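Order-wise, the sequence lines are chains A and V.
Residue numbering for the first sequence follows numbering that gives the first Met the number 0, starting at 0 and increasing by one per position.
Residue numbering for the second sequence follows numbering that gives the first Met the number 0, starting at 0 and increasing by one per position.
Please keep in mind that the hints were generated in silico from the structure rather than gathered at the bench.
Some hints here could point you the wrong way.
To list a few chain A residues with every Cβ distance to chain V over 12 Å, as calculated [unchecked claim]: (1) K6; (2) V10; (3) G11; (4) E28; (5) D77.
With a straight-line Cα cutoff of 25 Å, these simulated DSS-like cross-link-like pairs (lysine-lysine) come out [to be verified]: (6) V:K480 <-> A:K98; (7) A:K38 <-> V:K100; (8) V:K100 <-> A:K35; (9) V:K480 <-> V:K425.
Computed spacing ranges between beta-carbons, pair by pair [claimed, not checked]: (10) V:L403 <-> A:E74: 38 to 48 Å; (11) V:R547 <-> A:K80: 24 to 34 Å; (12) V:E112 <-> A:K80: 20 to 30 Å; (13) A:K6 <-> V:N1: 27 to 37 Å.
The structure presented is a predicted model; accordingly, all values stated were derived computationally and were not measured.
Cβ coordinates follow ideal geometry from the N, Cα and C atoms, glycine included.
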Amino acid sequence: MSILIDKNKCVGCGRCSLVCPGSLIKLDENKRAYIKYPKDCWGCTSCIKECKAYAINFFLGADIGGMGGRVHTEENGDILKWVIDSPESGISVINIDRKESNKY
Amino acid sequence: MNINTQKLQTDILIIGGGTAGCYAALTIYENSPELNVLICEKAHIKRSGCLAAGVNALNAYIVEGRKPQDYVDYARKDADEIVRGDLLLTMSEKLNSVTEKLEKLGLVILKTENGKYVARGNRNLKINGENIKPILADAVGKLPNTKVINRINITDLALKNNKVIGAYGIGIENNIFYVIEAKAVLVATGGAAGLYKPNNPGFSRHKMWYPPFNTGAGFAMGIKAGAEMTTFEMRFIALRCKDTIAPTGTLAQGVGAKQVNSLGEVYEQKYGLTTSERVYGTVSENLAGRGPCYLKTEGITAEQDDSLIKAYLNMAPSQTLKWIESGKMPSQQNVEIEGTEPYIVGGHTASGYWVDTRRRTTVRGLYAAGDVSGGCPQKYVTGALAEGEIAASAIIDDIKNIDLENVDEHEETAYKTEAENFLTEKNTPFTAEQLEEAMQTVMDSYAGGIKTSYRFNEKQLEIADEKIKKLFILSEELYAKDLQELMYIYELRERLIVCRSVIAHLKARKETRWHSFAENLDYPKKSDDFKKYINSKFENGEIKIIYRDLIKEGEDFEHFNR
Ligand SMILES: Cc1cc2nc3c(=O)[nH]c(=O)nc-3n(C[C@H](O)[C@H](O)[C@H](O)COP(=O)(O)OP(=O)(O)OC[C@H]3O[C@@H](n4cnc5c(N)ncnc54)[C@H](O)[C@@H]3O)c2cc1C
Ligand code: SF4
Ligand code: SF4
Chain A
0 MSILIDKNKC VGCGRCSLVC PGSLIKLDEN KRAYIKYPKD CWGCTSCIKE CKAYAINFFL
60 GADIGGMGGR VHTEENGDIL KWVIDSPESG ISVINIDRKE SNKY
Chain V
0 MNINTQKLQT DILIIGGGTA GCYAALTIYE NSPELNVLIC EKAHIKRSGC LAAGVNALNA
60 YIVEGRKPQD YVDYARKDAD EIVRGDLLLT MSEKLNSVTE KLEKLGLVIL KTENGKYVAR
120 GNRNLKINGE NIKPILADAV GKLPNTKVIN RINITDLALK NNKVIGAYGI GIENNIFYVI
180 EAKAVLVATG GAAGLYKPNN PGFSRHKMWY PPFNTGAGFA MGIKAGAEMT TFEMRFIALR
240 CKDTIAPTGT LAQGVGAKQV NSLGEVYEQK YGLTTSERVY GTVSENLAGR GPCYLKTEGI
300 TAEQDDSLIK AYLNMAPSQT LKWIESGKMP SQQNVEIEGT EPYIVGGHTA SGYWVDTRRR
360 TTVRGLYAAG DVSGGCPQKY VTGALAEGEI AASAIIDDIK NIDLENVDEH EETAYKTEAE
420 NFLTEKNTPF TAEQLEEAMQ TVMDSYAGGI KTSYRFNEKQ LEIADEKIKK LFILSEELYA
480 KDLQELMYIY ELRERLIVCR SVIAHLKARK ETRWHSFAEN LDYPKKSDDF KKYINSKFEN
540 GEIKIIYRDL IKEGEDFEHF NR
């Protein structure tokens, strides 16, 4: 899997670039983020959780069965809202309370 | 490109600000707040290493009614005897105190109404582990005498009179050659991924289980410095959800999903239930023509679906995406499983530095904790924290009468020149990426990768070693046009060094004790002659194998007389 960055939404804060464990995201000359090494993405979603502009989505590569769905998160206090937009199933929203443990 | 030298001095250098490294810094501050600590981290400690995406449970905890010795017994059985009793017991004794500390720092752990942790099985606790790394990083950020430098790739240890007195590193975003002098060095760089061809070598090549950015640097620098290493032949192969390589434990333990083949037969009892047997069973069913294999989730409730969707978002969100975009929930479709490529990781199996009971390596001044440290499998998060604490307390005791030493000028110049050479433009047909692919192909084909269903014979291992040696020579001519490419060259070379050790160890264990993890077709049976540790040391360009007798709990094992 890898990520897509929407240049029109990016405000150039650089937070995604800061946290990426593979140092894969850079800022271009206009201070817009881009992923320089898309094949090296681990899919950890660290960058996505940092982006307050919701400019970053992740997707599954076609080689691992990806069907074009994409995911981003929106943070609101303890709630991490996961927004999944998929061609087949439309938009699903899943709210996760960071103060709540996994059931499993 | 020019690189400038910057010299730094500290009491204690921690290489790798991951799980074990962060906890070691916390321990040092709690016990000796006057000591200066420098953490050098290749990424950024907020989201680096194994914990970046979050974890789904605490896999190592002593639940009510159990004792630390029970955990030792479990790990020993799973590894079929080849474990260090002293290391396992000292770790197990700390699992619960580090857990309480984690909770105090902010980790959410599921509790009953009367405030007791809710156990998952005999050893696990249920948590929300999505933000476990930011929690640790925050705590480290508050320590007054701990300094963190992010985006510095530590490449080598500084040695003088067979003692480690610091380390060398190169900035990933600034062209600085760091020379660090320290009274003690803790290596906590995690294990090694990317040695073997991954499940999906194309676009999603890095969609692997273990972090692709943990490249075995800590192993390689130790090997080069002459440290003794142990059990590199006990490779870790994970059983994972196909494609997303997401963990399966949550399905198996959470909703009790059994392993079934394509005929719907439950096959796990047939092969046994240790970690390696579960992988072997799946491989064997596939070889017998009864693949693919699945975790049987069909028929679980909608409520269970819902909990799984959430649990996976907290640790492996790609699996949730897969369920949702395919429109098929686990209750409607079994989850296909497969074995991953082999990793070298001392937190799951027992590969790593040969340490004494207090996590001192065989080179003075150097300590090891977490996935880089050997002999103590099934560490997981809490075990890595425990080892960080144990190593930190040894360091505090050991450095009392030690002074800083200056690094050897020749050594410093040699390492800087090496980096400058890679940065000097040359006409070479190869890139680090090409040689990495070549290395993974060699390991896959000749050293028991996915391609051969993890099996190998001695002839193949000899071929593998020949080829890996040649790739190392080719890597000397690589050219990096920027600092990131320079890091990739170092990573490749680290992996090649680790590969050679893995091959030598696989060759030295002339038996098959663990199916799949080390499946030697020339010696398909287990043998009592190999109820021993296989250790190794790099001397004059060759890997020397050392066989050592098993060490039991209760022993206080030391390398030297102090
Ligand atoms: C995907 C995944 C899920 C897991 N889930 C669970 C779970 O649910 N429960 C559980 O108990 N355990 C789990 N584990 C195991 C557990 O997370 C690890 O065993 C443990 O975190 C390892 O800690 P560590 O400190 O050794 O390594 P890490 O935490 O990975 O730390 C190593 C650090 O070293 C840095 N580094 C590497 N090379 C260099 C270098 N050359 N210079 C400077 N820095 C460097 C890395 O960037 C990283 O920050 C999981 C592991 C993985 C990979
Ligand atoms: S975090 Fe979002 S807004 Fe900030 S640089 Fe990255 S993509 Fe742009
Ligand atoms: S998902 Fe993780 S590895 Fe991939 S770009 Fe984002 S932070 Fe980096």
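Closest CB of chain V to the CB of A:E28 still more than 12 Å away: Label holds. Min Cβ-Cβ 16 Å, cutoff 12 Å.
Outcome of range test on Cβ distance (V:R547, A:K80; 24 to 34 Å): This hint is violated: roughly 53 Å between Cβ atoms.
38 to 48 Å as the expected CB spacing between A:E74 and V:L403, which holds or is violated: Check passed, 44 Å falls within 38 to 48 Å.
Non-interface claim for A:G11 versus chain V (Cβ beyond 12 Å): Since the minimum Cβ distance to chain V is about 17 Å, A:G11 lies beyond 12 Å and the statement holds.
V:K480 paired with A:K98 [C-alpha distance capped at 25 Å]: 46 Å, violated
25 Å Cα cutoff - pair V:K480, V:K425: It holds: about 10 Å lies between the C-alpha atoms, which stays within 25 Å.
Non-interface label on A:K6, tested against every C-beta of chain V at 12 Å: 21 Å, holds
Hint consistency between A:K38 and V:K100 [alpha-carbon to alpha-carbon, up to 25 Å]: 37 Å, violated
Minimum Cβ-Cβ distance from A:V10 to chain V exceeds 12 Å: Given that every Cβ of chain V is farther than 12 Å from that of A:V10, nearest at about 20 Å, it holds.
Verdict on A:D77 as a residue remote from chain V, using beta-carbon distances over 12 Å: 10 Å, violated
Range hint 27 to 37 Å (beta carbons of A:K6 and V:N1) holds or violated: Roughly 33 Å apart at Cβ, these two residues keep to the hinted range, so it holds.
25 Å limit on alpha-carbon distance, applied to hinted pair V:K100 and A:K35: Judged against 25 Å, a Cα distance of about 38 Å means the pair is violated.
Going down the numbered hints, you'll see the structure goes against 5, 6, 7, 8, 11, while the others check out.
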